[in-house]
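Asks: Listed below are the residues making up each chain.
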Amino acid sequence: MNVTLEISGGFAPTPSLSVPYIVDTDELESVRAGEIETIIRQSHFFELPNRVETAQRGAADYFVYAITIRDGDRVHTVVLTDPISDPQLMRLIDLIKASPRSK
Amino acid sequence: MAIVSFSAGQVVSTYCSAHSMNAWAYIATTTPWRKIQPISTDGATNMFVLLNAAKAGGRLVSGSYDDTTGELFTLYMN
Amino acid sequence: MNDCLARRGPCSIVPDYMLQAIAANGTAEERRYARATLAQDAAFRTERRLQQPSGGGQPGADAGAGAGSPHKNRRVFTASNGTSLPGTSRRDEGQAATGDAAVDQCYDGLGGTFDLFWDIFGRDSIDGNGMDLIGTVHYGNKYNNAFWNGSQMVFGDGDGLIFNSFTADPDVMGHELAHGVTGATAGLEYHDQPGALNESVSDCFGSMVKQRMLGQSSAQADWLIGAHLLASGINGVALRSMKAPGTAYDDSKLGGKDPQPDHMSKYVNTSSDNGGVHINSGIPNKAFYLLATALGGNSWDRAGPIWYRTLTASGLSATAQFAEFAKLTYDSANALYGSSVADVVAKAWQDVGIDLAITTWYTNRSVLSTFTSAHSMNAWAYIDGLGWRKVEPRTPDGVTNMFDLLTEVQASGRAATVYADGSLIYQAYSV
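Residue numbers (my numbering), protein chains in the order written: chain L, 1 to 103; chain R, 1001 to 1078; chain U, 2001 to 2431.
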């Protein structure tokens, strides 16, 4: 699977923030790849709505996370904002950020 | 209508807008504000030039005005 | 998701659509917990609605109405590196320092912010009605951010490589709480120019909080936002500079240079960051800095009240562009302190490229320079405090008359009183 994470917003968006994280699970070692694929399956990622908006009215300086996953000919994007209510998706984001970027 | 002369007047202030022939002066001995007679554009400007130069240079002016309209007719810079 | 449900107790922040799906389709245990959580969420939301001030987003009642004793009630929590809010209580109002730097810094910063709004602006907490000040620290895992979630502040610890703890600077706390004030009053929408104004207002009040806590006048202040947030080894002085937007940092670890503009001519058109709300805030930030330093004294003496009145009592719209905000600061200054201070406001905005286009008399001004060419009606004057203005090209002789008056004023070193706007001179007196 090909996983892209784009983070924007925050208290002080720096230019580095706009560089997306791109991970190919086929290139990762098996434990990490397995964990990512498990979360994607258990969260029913491809059935989630495009926008999981938890930012309240008047909220500010929160991060916006856009996760795009390509699996064969399936592709789906989910956008979340801080605070992320689903611990699984939070874990997915941490895993993507910690993984080596796709070549 | 009568033409009235004045002399040794200090130019206290001048005023204009960007409208044609809308130029005025406040001369100390001939209060109140007087409009320059609006009969020709270049002529009104010439009179206004004299008044501004007098004010800038601290010089006195003499001349005449129409006592019905109050308008300035002639000017000397002394 | 299974982890969440296995914990004893509610997961009050799992979104409803997920809970409803689980309540319908999960295992027996999952269905039981999901239904219990949905019921608790409903009760929680009702309770919170009762606590909310009425008319959220409308101009809030200032504490002039709630005169008497203000209600300062700070509640600091820790998320223990998770993302549940508000987390575990660590320090309530009046309790002693805990020794946890993030908790104690948050507590102090909340206090400084409350005090600024009450002492200077007569506002009882964020909503004007003494609402609790809630902050959660240690949010997330090496979380490089702080945010306002609509009802409380949230702070990360930073990763130590790029950022330190976001509680290290009181201006960050003032910034976040000010988002609450904006939300309770003008409600500036969080995108494009209104969003940049929203961000700028937070930086302005955050700076006032910091300067007041440190006892700094406008001249003494550094006008930096997040001066202690960049980790050592990062090439930069802060996250933002109000004094010199665009110069706060330049480091490849941050992806390059501080992107803020300091003038309208450098406005950044982008779709990221909600239309550049943290980027283009540099322009109104600089206007506030210029105003505060031009007026002298402390930033909260006169510049602050002008900004506060603009935000809360001027009819500022939620979709205001920079020009509307600037005009309302001019009007507020005029109402509070008179035309000479309003002129300073106009100059500050002009210096960042926003001409207020106020057609009014500018009295007793020197004519510093004049210009003309051989073209018809092409006559200009540089009016002290205003800048270059063209003589209204209405009639050839009218223009000549005006130009003559202005050149003579210039040559004699005297003054003129002009009726002008952002580009033209319409009338003039020699004084």
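Honestly, the hints are just simulated from the structure, not real lab data.
The reader is advised that the hints may include incorrect statements.
With a cut-off of at most 35 Å between alpha-carbon atoms, the simulated DSBU-like pairs for lysine-lysine come out as follows [unchecked claim]: (1) L:97 - U:2390; (2) U:2266 - L:97; (3) U:2253 - U:2327; (4) U:2072 - U:2266; (5) U:2072 - U:2243; (6) U:2243 - U:2390; (7) L:97 - U:2253; (8) U:2390 - R:1035; (9) U:2327 - U:2390; (10) U:2390 - U:2266; (11) U:2347 - U:2390; (12) U:2142 - U:2266; (13) U:2347 - L:97; (14) U:2266 - U:2253; (15) U:2142 - U:2253.
For clarity, every value in this text was computed on a predicted model and none was experimentally measured.
Asks: Against each hint, give a clear statement of whether it holds in the structure.
Replies: Status of each hint after checking the structure:
no. : hint            : verdict
1   : L:97 - U:2390   : violated (57 Å)
2   : U:2266 - L:97   : holds (33 Å)
3   : U:2253 - U:2327 : violated (39 Å)
4   : U:2072 - U:2266 : violated (42 Å)
5   : U:2072 - U:2243 : holds (32 Å)
6   : U:2243 - U:2390 : holds (31 Å)
7   : L:97 - U:2253   : holds (15 Å)
8   : U:2390 - R:1035 : holds (24 Å)
9   : U:2327 - U:2390 : holds (22 Å)
10  : U:2390 - U:2266 : holds (25 Å)
11  : U:2347 - U:2390 : holds (18 Å)
12  : U:2142 - U:2266 : holds (34 Å)
13  : U:2347 - L:97   : violated (46 Å)
14  : U:2266 - U:2253 : holds (24 Å)
15  : U:2142 - U:2253 : holds (16 Å)
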